[in-house]
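There are 4 protein chains.
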Amino acid sequence: MFLNREISAMLNVAIVGASGYTGLELIRLLDRHPGVVISCVTSEQSAGKRISDIFPTLRGRCDLVLEPLNPSAIAARADLIFTALPHQAAMKVVPDFLAAGKKVVDLSADYRLHDPAVYGAWYEPHLNPELLPEAVFGLPELRRETIRKARLVANPGCYPTSVILGLKPLLENALIDITAIIADSKSGTSGAGRSAKVDSLYCEVNDSFKAYGVGGAHRHTPEIEQELSELAGQPVTITFTPHLVPMDRGILSTIYATPNRPVTTEELVSLYADTYKDEPFVRPLPKGQFPSTAFVRGSNFCDIGITLDSRTNRIVVVSAIDNLVKGASGQAIQNMNLICGFPETSGLEGLAIFP
Amino acid sequence: MFLNREISAMLNVAIVGASGYTGLELIRLLDRHPGVVISCVTSEQSAGKRISDIFPTLRGRCDLVLEPLNPSAIAARADLIFTALPHQAAMKVVPDFLAAGKKVVDLSADYRLHDPAVYGAWYEPHLNPELLPEAVFGLPELRRETIRKARLVANPGCYPTSVILGLKPLLENALIDITAIIADSKSGTSGAGRSAKVDSLYCEVNDSFKAYGVGGAHRHTPEIEQELSELAGQPVTITFTPHLVPMDRGILSTIYATPNRPVTTEELVSLYADTYKDEPFVRPLPKGQFPSTAFVRGSNFCDIGITLDSRTNRIVVVSAIDNLVKGASGQAIQNMNLICGFPETSGLEGLAIFP
Amino acid sequence: MFLNREISAMLNVAIVGASGYTGLELIRLLDRHPGVVISCVTSEQSAGKRISDIFPTLRGRCDLVLEPLNPSAIAARADLIFTALPHQAAMKVVPDFLAAGKKVVDLSADYRLHDPAVYGAWYEPHLNPELLPEAVFGLPELRRETIRKARLVANPGCYPTSVILGLKPLLENALIDITAIIADSKSGTSGAGRSAKVDSLYCEVNDSFKAYGVGGAHRHTPEIEQELSELAGQPVTITFTPHLVPMDRGILSTIYATPNRPVTTEELVSLYADTYKDEPFVRPLPKGQFPSTAFVRGSNFCDIGITLDSRTNRIVVVSAIDNLVKGASGQAIQNMNLICGFPETSGLEGLAIFP
Amino acid sequence: MFLNREISAMLNVAIVGASGYTGLELIRLLDRHPGVVISCVTSEQSAGKRISDIFPTLRGRCDLVLEPLNPSAIAARADLIFTALPHQAAMKVVPDFLAAGKKVVDLSADYRLHDPAVYGAWYEPHLNPELLPEAVFGLPELRRETIRKARLVANPGCYPTSVILGLKPLLENALIDITAIIADSKSGTSGAGRSAKVDSLYCEVNDSFKAYGVGGAHRHTPEIEQELSELAGQPVTITFTPHLVPMDRGILSTIYATPNRPVTTEELVSLYADTYKDEPFVRPLPKGQFPSTAFVRGSNFCDIGITLDSRTNRIVVVSAIDNLVKGASGQAIQNMNLICGFPETSGLEGLAIFP
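Residue numbers (my numbering), protein chains in the order written: chain Z, 12 to 366; chain S, 12 to 366; chain Y, 12 to 366; chain L, 12 to 366.
It cannot be assumed that every hint is accurate.
Each pair may be met inside one copy or between any two copies, as identical chains are not told apart.
Listed below are the simulated DSSO-like cross-link pairs for lysine-lysine, each with C-alpha atoms no more than 30 Å apart in a straight line [unchecked claim]: (1) K208 with K103; (2) K60 with K298; (3) K208 with K288; (4) K298 with K288; (5) K103 with K298.
Hints listed in this document are in silico derivations from the structure and should not be mistaken for laboratory results.
Turn these sequences into a full structure, and let the hints steer you where they fit.
Given below as structure tokens:
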């Protein structure tokens with residue numbers, strides 16, 4: 012706990028936008044990190060309240076008062092800043108933190124896309140496109156060493172994390188037809204955030220299942236394609252359909268691909284085992300086993316199963332993460348660990364909670 | 012209600028296997044049917060108990076005593092029999108009912124496949140393959156007139172209903188590449204039935220999402236392919252992945268297909284509207300709208316949305332049904348209505364219950 | 012369905028505030044009523060949209076356009092008006108409907124309390140206290156004949172319905188100490204309505220259980236006490252604690268009372284069976300059986316179990332209703348049936364939906 | 012993690028009955044304990060399988076093979092044994108472990124009741140009543156020092172933990188009428204365990220709420236009364252009603268008591284704050300705040316709110332725990348920490364997971 016640590020040797024971090032679910036999850040995970048102190052939490056809407064009044068889970072353990080978002084005041088008290096703001100809001104403050112010499116792990120979408128035109132097409136015009144070349148898309152399994160040296164890490168979206176990790180071995184080995192990839196993804200409701208919307212009400216979501224953003228409309232699409240293209244070494248487009256599951260946490264992506272040469276399930280399972288054998292947070296599963304979101308709930312793991320449907324000669328990959336952990340706050344801490352020289356797993360060792 | 016009806020003019024039906032969820036759903040729906048009396052309910056496990064002790068929803072409204080499965084005793088008191096038994100169990104009694112001159116709507120998988128070899132490959136050897144040529148796959152939207160004349164209707168599986176209705180307009184108009192169809196389906200937990208299994212426990216299912224039968228292993232696959240092939244006029248195989256959703260009822264199928272000529276979303280929406288314009292229970296949705304299982308819960312509707320993902324030139328169809336109604340008991344009653352000359356919608360007019 | 016009815020002989024009803032859950036439930040139930048046509052639906056927020064765009068369950072079955080709340084325009088086209096508005100809003104329009112000679116079933120709290128001072132103490136000052144003496148608290152099991160003659164029925168709250176029906180036999184027979192009644196009630200989330208509030212978000216409610224209004228703060232308290240006092244013939248106060256259950260529908264009240272003379276469980280069970288033997292919607296349970304909200308879901312039933320805890324000489328009553336049906340819209344239709352001379356059960360015959 | 016620890020200095024513990032939910036929760040929590048190694052896990056049903064095949068959450072982190080229950084083999088490899096068996100099964104092996112000189116924390120009901128006659132009346136005849144005087148009812152907030160010296164700790168039931176902690180300040184200060192206590196408790200479904208029963212199926216529990224053991228029939232009643240009596244210094248009986256909530260984890264008890272002298276809410280809040288001010292795992296809440304199970308989910312906290320309902324002069328206490336943590340495995344580890352001289356909070360520092 013905070014009080015038992017030697018404060019002087021600790022990294023001070025700020026959480027900007029702490030009153031949402033990813034903000035809370037950062038606090039929950041950092042509370043177990045031996046080298047970090049949370050020095051500052053902000054919230055525009057709840058400034059002046061204790062964070063533990065917003066989230067009573069924190070009572071007696073993190074009773075910091077939420078502050079308004081004053082970049083210079085925050086930069087003065089933090090070595091690294093997590094920005095857990097909506098897109099468009101993050102890019103208004105990130106430059107200030109960088110100018111003050113701070114490291115930033117941004118959980119919004121604002122720095123994930125390299126091409127400002129693509130950002131503009133899917134979101135709105137970018138306010139500081141000059142930062143995009145420098146920002147590192149923070150998926151450690153793809154570019155761990157680059158992240159270590161980064162000043163600004165763009166933390167990947169939840170859907171992209173599940174899809175990219177699911178396809179990495181196939182693409183970097185050029186095993187599939189890159190024009191025929193389909194990702195059918197399903198997310199828990201915390202992905203919609205903590206804002207008051209009728210669509211997110213309990214009675215609208217419970218005992219219900221639906222697709223949304225059908226037909227390539229979801230904003231995670233360009234992010235997925237950017238990274239898949241880099242893995243493939245050529246432009247990849249995919250059909251991506253997100254769905255809403257009546258559960259709090261978890262993303263499961265069922266990914267379909269067509270092999271471009273004869274393969275067997277055994278070969279595929281072996282390829283995944285080999286690719287991820289040294290990864291602390293990716294668990295490729297044995298033949299015939301497939302993941303459940305329940306078994307990664309609350310943890311930073313990504314579980315992946317793979318098979319060949321030999322009747323139709325189609326590869327099916329199933330990957331599962333906790334959208335708030337490996338899909339957001341856990342991965343952000345993994346990135347912080349890389350940037351700041353902590354062991355990569357610090358604060359992230361917790362097992363999944365089941366049931 | 013039962014007591015207000017003129018009993019003499021009513022159709023007597025038996026429900027064989029009434030202590031499961033589809034059995035109960037038959038009772039719930041038939042209770043509102045103006046032309047039917049339930050004369051007999053059976054259950055091996057619960058014989059001797061009142062059905063309302065098993066399902067207290069029925070208290071005071073259907074207090075029949077469950078009987079053991081004695082085919083001749085049942086045939087003596089029923090004009091039509093719903094067999095809501097596990098596969099393999101149904102085929103042991105259906106011939107008796109037919110021999111006694113009765114009509115049968117079988118909710119199991121036993122009579123759905125025309126080819127006994129296919130049945131044997133996916134299930135076990137068939138005990139009465141001679142009945143397969145006569146059995147009618149009971150999807151009214153495909154063969155209403157044939158069903159009217161049937162003695163034995165094989166009520167379609169829940170997943171197949173959602174997938175076949177979702178693809179019918181595309182296949183019968185030869186609009187898609189029949190080698191590239193993928194159906195990613197998600198089902199509520201009532202599809203697993205009411206037997207005591209660890210995998211179906213509340214704590215195993217709640218706040219969890221998983222795939223199963225991955226790689227073409229689910230037994231509904233041949234049934235789907237048989238009907239799609241008939242619609243296409245040539246053999247169709249598909250990649251089919253079922254998933255388990257933490258909800259009671261509902262199936263949503265997200266279906267991917269590749270057009271074999273240029274099409275627009277408008278054209279597709281119009282095609283679906285036209286195909287289903289006279290169907291009482293299929294609701295094609297306007298452009299940009301997609302279904303939710305919540306909006307068909309408890310009803311016999313199948314809602315279908317369609318779009319073209321123009322970025323990848325792929326058609327995405329989303330169809331939703333209540334697995335216990337249009338996916339089982341409601342469709343069984345629709346078939347009964349056709350067989351017995353009732354209005355097709357009798358007993359099935361109820362709106363979905365939301366929330 | 013609407014189209015099959017002889018319109019001329021039908022009762023025209025309006026639903027004011029149709030875009031909430033009780034409004035939708037009125038439509039769902041009235042759709043099955045043989046003597047009613049919905050002529051008008053209103054919503055301030057959604058005026059101009061089709062009700063079936065708000066609630067896609069209604070697609071093709073009730074596609075009325077929502078209108079703004081114009082009392083005279085509504086009165087011109089309806090014989091009876093259901094006001095499903097928040098408290099304070101109802102009392103602004105109900106007098107207009109009455110002045111136009113219409114019957115009103117008000118689902119808000121505005122006319123439930125006889126004493127304007129009590130209303131003022133728990134809500135705000137009443138705008139038309141002169142109507143309170145005339146308004147009838149619409150619990151048919153307490154005053155069926157009075158309701159038949161009413162112009163203005165105040166439809167009871169959901170919690171009060173479950174508590175009052177649970178205690179009626181004990182109080183009217185003076186069997187319990189009226190100073191020691193405790194009602195511990197639990198409600199599904201639809202009771203919180205369809206407005207966008209953080210507290211009602213899926214992720215705030217799911218996998219969670221809490222009390223609220225602890226210590227006698229809930230506004231249903233005076234309503235419960237008013238009716239219990241009338242049953243007892245003397246002033247009754249009770250300790251009432253509501254709780255929020257992670258489910259859509261249902262209220263279960265566990266009620267504790269101290270007998271004022273020796274009683275047995277058998278005697279109590281028999282008393283309840285006798286009291287409610289002619290009630291179409293109250294099902295007293297046999298000894299040893301207790302209700303579940305699942306078994307009344309979607310139906311107008313109130314199931315009640317009772318026992319004596321002989322170790323502590325305390326009576327425990329457990330009552331269950333669907334808060335949207337017997338606790339709101341179903342009871343409103345039951346009241347409409349009484350007022351308008353329909354069979355009391357018309358439109359309300361549907362069995363509970365399970366699972 | 013296990014690998015980073017100096018194994019020689021570690022405490023070896025065995026988990027007997029590891030394939031249930033409390034067994035898994037012990038593993039999840041002990042995985043974070045710096046001084047413990049799990050040397051042995053047993054399961055009769057799953058002997059020979061890896062525990063991580065039963066619970067894939069453990070993949071790569073705890074892959075021990077489940078063993079059959081051989082007491083001498085277990086005693087040879089463990090310093091302390093957690094017995095997570097059904098009642099009646101625990102008492103068959105606990106004497107063996109004690110005879111081998113081991114410490115035991117028993118999570119069953121077998122050693123909680125001091126009086127063998129009471130045990131016999133609520134369960135079955137006790138096989139080793141001679142151990143009952145020695146067994147310590149392991150609620151650290153009641154008898155921390157006694158637990159430190161114990162050889163056999165009877166870990167309290169989940170309901171009793173929530174009720175006893177909720178009433179302790181009132182009873183030890185003789186503030187309430189001990190004949191008028193009512194505890195209305197609500198539990199998540201994991202309390203029913205992981206055995207395959209129809210009543211625990213997802214579809215039976217979801218969107219449903221019910222009472223059970225109504226009228227003083229639940230076996231936790233004598234355990235509660237034993238401890239309340241000890242706190243009060245005289246025999247206490249209570250009315251206790253458990254309920255089943257559609258959620259995985261959590262118990263919330265709403266407790267009603269009658270003050271025996273005038274009190275105020277402020278006085279009560281202050282009393283609770285004072286009583287529990289040094290307790291690491293009890294969080295008394297400020298005036299006007301009440302707990303939710305969501306805010307203790309996955310943590311060892313017990314949150315308690317209290318108020319006086321001044322209208323009826325009744326005290327209402329609301330307490331919340333996670334039934335698998337403070338109500339079972341967390342408390343067992345807290346007891347282990349006391350017995351073995353670890354800091355009391357070791358392994359239990361994790362914050363609640365929300366949402």
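The hints, checked one at a time:
1. For a Cα distance limit of 30 Å, the shortest separation of K208 from K103 qualifies both inside one copy, at 25 Å, and across copies, at 28 Å.
2. In the homo-oligomer, the alpha carbons of K60 and K298 lie at most 30 Å apart only across protomers (17 Å), although the nearest pairing inside one protomer, at 51 Å, exceeds that limit.
3. Taking CA atoms no more than 30 Å apart as the test, K208 paired with K288 passes in neither setting, with 42 Å inside one copy and 34 Å between copies.
4. For a Cα distance limit of 30 Å, the shortest separation of K298 from K288 inside one copy, 15 Å, qualifies, whereas the shortest one across copies, 46 Å, does not.
5. Taking the shortest Cα distances, K103 and K298 never come within 30 Å of each other, neither inside one copy (47 Å) nor across copies (36 Å).
Violated hints, listed in ascending order, are 3, 5; each of the other numbered hints is respected by the structure.
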